[in-house]
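Going line by line, the protein sequences match chains A, B and C.
Each residue of the first sequence is one higher than the last, beginning at 1 in my numbering.
Each residue of the second sequence is one higher than the last, beginning at 1 in my numbering.
Each residue of the third sequence is one higher than the last, beginning at 1 in my numbering.
Bear in mind the hints are in silico, worked out from the structure with no lab data behind them.
Any given hint might turn out to be false.
Listed next, the in silico BS3-like pairs over lysine-lysine satisfying Cα-Cα at most 25 Å (straight line) [what the hints assert, rightly or not]:
#, chain 1, residue 1, chain 2, residue 2
1, B, Lys-3, C, Lys-3
2, B, Lys-73, C, Lys-38
3, B, Lys-154, B, Lys-196
4, C, Lys-3, C, Lys-15
5, B, Lys-155, B, Lys-196
6, C, Lys-38, B, Lys-52
7, C, Lys-78, C, Lys-287
8, B, Lys-214, B, Lys-86
9, B, Lys-52, B, Lys-155
10, C, Lys-15, B, Lys-3
11, B, Lys-242, B, Lys-227
12, A, Lys-57, C, Lys-148
13, A, Lys-131, C, Lys-16
14, B, Lys-108, C, Lys-78
15, C, Lys-38, B, Lys-84
16, A, Lys-265, A, Lys-57
17, A, Lys-19, A, Lys-210
18, B, Lys-84, C, Lys-46
19, C, Lys-3, A, Lys-116
20, A, Lys-116, B, Lys-3
21, B, Lys-52, C, Lys-46
Quick list of the computed label-pair ranges, beta carbon to beta carbon [stated by the list, open to error]:
#, chain 1, residue 1, chain 2, residue 2, range
22, A, Glu-263, C, Gly-137, 50 to 56 Å
23, B, Ser-105, C, Ile-173, 46 to 52 Å
24, C, Gly-137, A, Ser-196, 24 to 30 Å
25, B, Asp-235, C, Lys-77, 17 to 23 Å
26, C, Tyr-34, B, Asp-222, 50 to 56 Å
27, C, Ile-173, B, Asp-235, 53 to 59 Å
28, A, Leu-246, C, Asp-324, 23 to 29 Å
29, A, Gly-67, C, Ser-135, 31 to 37 Å
Glycine is no exception: its CB is placed at the ideal position from the N, C-alpha and C atoms.
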Amino acid sequence: MEKKITLSVKNLKKVIGKKEIIKGLSFDLREGEVFGFLGPNGAGKTTTIRMLVGLIKPTSGTIQICGANIEDNFQEAMTNLGCIVENPELYPYLSGYNNLLHFARMLDRVGDDRIKEVTKLVGLTERIHDKVKTYSLGMRQRLGIAQALLGRPKVLILDEPTNGLDPAGIREMRQFIRFLAEEEGLSVLVSSHLLSEIQLLCDRVAIISKGSIIRTDTVHQLLANRERVIWHVQPLEKGKEVLGSLTGIDVTDDGAILTEYNEEKIPLWNKQLVEAGIAVTEMNRKMPVLEDLFLELTGGDTIE
Amino acid sequence: MNKNVIRSITGIAVLFCLLWLIGLGWAVGEYYAGTPEKIPKAKTVSQVENKKGLTIVALGDSLTRGTGDETGKGYVGVLIDEIKGKTKRPVQLTNLGINGQRSNSLRKQVQETEVGRQIQRADMVLVTIGGNDLFRGGQALMDFKTGDIATIEKKYLNNLKFIFEQIRKNNPKANVFFIGLYNPFIDLDQGREMSKVVRHWNYDSAEVSASFPKIVFVPTFDLFELKVNDYLYSDKFHPNSKGYRLIAERVASLLTW
Amino acid sequence: MNKLIQNEMMKLIAKKRLIVIAIIIGVLVMLFTYAQYKQVQTQREKLGTSDWRTILQQQIVDTTNRLSSSRITDEWKKQLQISLQQQQYYLDHDINPSEPGAPTFMRIFLENSIDLFIPLMVMVIASDLVSSEHSLGSIKLLLTRPVKRWKVLLSKYLTLCLAISLIIAIAGILSYLISGLVFGYKGWGAPILTGFNVTETGLNTSEVKLMGQWKFLLMDFGLVWFVSIVVGTLSFMLSVLIRSTAAGMGVMLASLISGAILTNMVSSWESAKYFFMVNLRLTDYMKGTAPPIEGMNLSFSIQTLFVWWAVALFVSFFVFTRRDVY
Ligand SMILES: Nc1ncnc2c1ncn2[C@@H]1O[C@H](COP(=O)(O)OP(=O)(O)OP(=O)(O)O)[C@@H](O)[C@H]1O
Ligand SMILES: [Mg+2]
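Looking at chain A on its own, in the form it has when it is part of the complex:
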């Protein structure tokens, strides 16, 4: 059964000055899923997220959060949304608790209990009464998440949530996000230009470049059929001929041949190579990574 759609974006466009920065994005988020927003620097991730959270007005297109249009029904839409845009910039001169109190006051029906609850959830109970300016970056990130969770949102939007965290912190954050999605049923939108992170964290990914979505799919689907085998053969020319007659090949710069990974056929191809008097010096199975796909799709370009 299809899960409920919590965030729906249709044909979102943004023109700043004369430049079209976002060129018509459409995607949906479902309950309990972590959605990755992947793109190189300057692709338009932050701009899109700013539109989703109502900081900037889309030039055209609609955004609905739990059925409420963000432009017509800002208040209802925002009730179901928690977000961190870029860094969680809280008030450094207030204590963590007062920061939470501040944002709780802007929400309906969020009391002291909830503040305590989220504080505990992000593990800040001990330091919550200290001034935020004494916090480390990781603690600020956690406080940011706590703040985003205060209003029990259905949709959580995080722009680069692992920015500036150490490997342990990244891992912790990842587990926490997964926990929120799986246990609490939140929809989480995560943007990042770190492929490995998205690959480990997300259920579905949208790859975005120069303001357009190039592809949206589940991580599983994207990676399927993308396992490769690397052959190092001697002599190369003859090897190419033989393998090329059997299957599609690519040749890398350092003189290796790439073929698809096919469990049944690999021994067969190997045998044929050997029979043709070609020495297979090395044969490797290459694990699939989004990076290849990403570079392939975006044409390897970064900032335009």
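Start from chain A and add chains B and C with the ligands according to the hints.
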């Protein structure tokens, strides 16, 4: 930080906000709708308060003011210094001299309630007047016509009499020193004719002074007669420090204790 | 709304701006008190009396003499004449224009700080109310709550109004308490004259009113408050328009100081009277001194300031509710 602290500060702020708003409303209301009320002039001079020191009131023109004196004291200042040296009582001076003042304006000044009060509490009154009536800042040299001067002098003497009457009315006891005129133009072409006029002027002034008790005419004509330029300021009209000192010394010599 | 104002109040208090302002005011009041004390003392020494009538009479004569000097400008002459006539009026009616005591000090302090000092203090708070959220980045969190933008801005504006009220109260209380140590705490009921009309021909005294100093003070406070609100709203607008606090402060500071300078030299430039900064000295109208430009009066200045206020407020809300936040 306590929530109650914030709440009470907010509350106080709201109260003040209202208070200032009332003030603003009041100011605007007063401005548009306020009706003027008749405020009585203080007619009666308030009682002379108990005073310990010697009180001196100086009335008159630029000489009283001390114009031309580089030290800024004028004969009044020099005189006060001298008095201070001789007495232990505190000395209080009210200098009401106004530059360019003529007899008719001094006549008005002495009628003012507060000036009257000042005179009332004075132990000594110093007066210089008439220089501007007669010389009109040197203009007298140009239109030197005896007929004109006679009418001017008549008016002046009339004013002077009134001024003295006013002073005596307010204060019958105090010594009044009336400083006579000198002739600043004595060295000029028409100096001699001018001197004649000044002497005549002084004579009549002395006569008026003499008709009042304790009003002493203090001549200065002779002081400036011989070396007038040594004692004049660069405007060749007002005395310089030395000139003022001469006048002050003359007045000082008349003081009684 | 109440909750939002509490938020803003919390931030304001946590920033400790009010305390800094209170300290600045306190130090300044101490300086002024000492200066005033010195002035009274030298005057007493010079004239050998502390009788206000004698002093006032002496001042009148001194002013008259200054008027006769040919070196002073016509404009200055006119101002002197007006103050002369006023002093004479006080003297003739046997009313002390500056009854010694803390309330009089307070009045003089207010009259002298209305066009620069208090607006400056207000500016310290107003100019970073919105721009600091931008520079901190917290604006992104503030505007992604289920609260309409105009409400967020309104809560900030109302907090500003409250803070201004507090600053003025602090100025009043501190000047009363500190100066009272030297001049004594009495003098609330001292009579004071208002309603002098400055016209082309000089001072018109036909509408003069007598009132207790406390009432006069309350009116002064009201006017100071109004001026502060207008200046505060303008800084507030700049704070919305310009994301850098320093730039906003610079603009505001420049216009306030130019106002203080302009008032002394714009008498011949008539349209300058529509600038907000030459209209700040509202208390002068109560006291009855010559306006910087002929034809200005209390109602003109209040109206002009009101228009500036309304425009600034409109611009602030218009821009804030519409603008994209990067
Ligand atoms: N205010 C603006 N005015 C003009 N162009 C802008 C503005 N903000 C962003 N852009 C442009 O929009 C494009 C997308 O920017 P955005 O910040 O959304 O990228 P991003 O995907 O978040 O990149 P990164 O991974 O570096 O954070 C960039 O080319 C940027 O130059
Ligand atoms: Mg970004």
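Okay, the hints, checked on the actual structure:
no.	hint	verdict
1	B:Lys-3 <-> C:Lys-3	holds (11 Å)
2	B:Lys-73 <-> C:Lys-38	holds (23 Å)
3	B:Lys-154 <-> B:Lys-196	holds (16 Å)
4	C:Lys-3 <-> C:Lys-15	holds (18 Å)
5	B:Lys-155 <-> B:Lys-196	holds (19 Å)
6	C:Lys-38 <-> B:Lys-52	holds (23 Å)
7	C:Lys-78 <-> C:Lys-287	holds (16 Å)
8	B:Lys-214 <-> B:Lys-86	holds (22 Å)
9	B:Lys-52 <-> B:Lys-155	violated (39 Å)
10	C:Lys-15 <-> B:Lys-3	holds (15 Å)
11	B:Lys-242 <-> B:Lys-227	holds (11 Å)
12	A:Lys-57 <-> C:Lys-148	holds (14 Å)
13	A:Lys-131 <-> C:Lys-16	holds (14 Å)
14	B:Lys-108 <-> C:Lys-78	holds (22 Å)
15	C:Lys-38 <-> B:Lys-84	holds (24 Å)
16	A:Lys-265 <-> A:Lys-57	violated (54 Å)
17	A:Lys-19 <-> A:Lys-210	holds (11 Å)
18	B:Lys-84 <-> C:Lys-46	holds (13 Å)
19	C:Lys-3 <-> A:Lys-116	holds (19 Å)
20	A:Lys-116 <-> B:Lys-3	holds (17 Å)
21	B:Lys-52 <-> C:Lys-46	holds (16 Å)
22	A:Glu-263 <-> C:Gly-137: 50 to 56 Å	holds (52 Å)
23	B:Ser-105 <-> C:Ile-173: 46 to 52 Å	holds (48 Å)
24	C:Gly-137 <-> A:Ser-196: 24 to 30 Å	holds (27 Å)
25	B:Asp-235 <-> C:Lys-77: 17 to 23 Å	holds (22 Å)
26	C:Tyr-34 <-> B:Asp-222: 50 to 56 Å	holds (52 Å)
27	C:Ile-173 <-> B:Asp-235: 53 to 59 Å	holds (55 Å)
28	A:Leu-246 <-> C:Asp-324: 23 to 29 Å	violated (57 Å)
29	A:Gly-67 <-> C:Ser-135: 31 to 37 Å	holds (36 Å)
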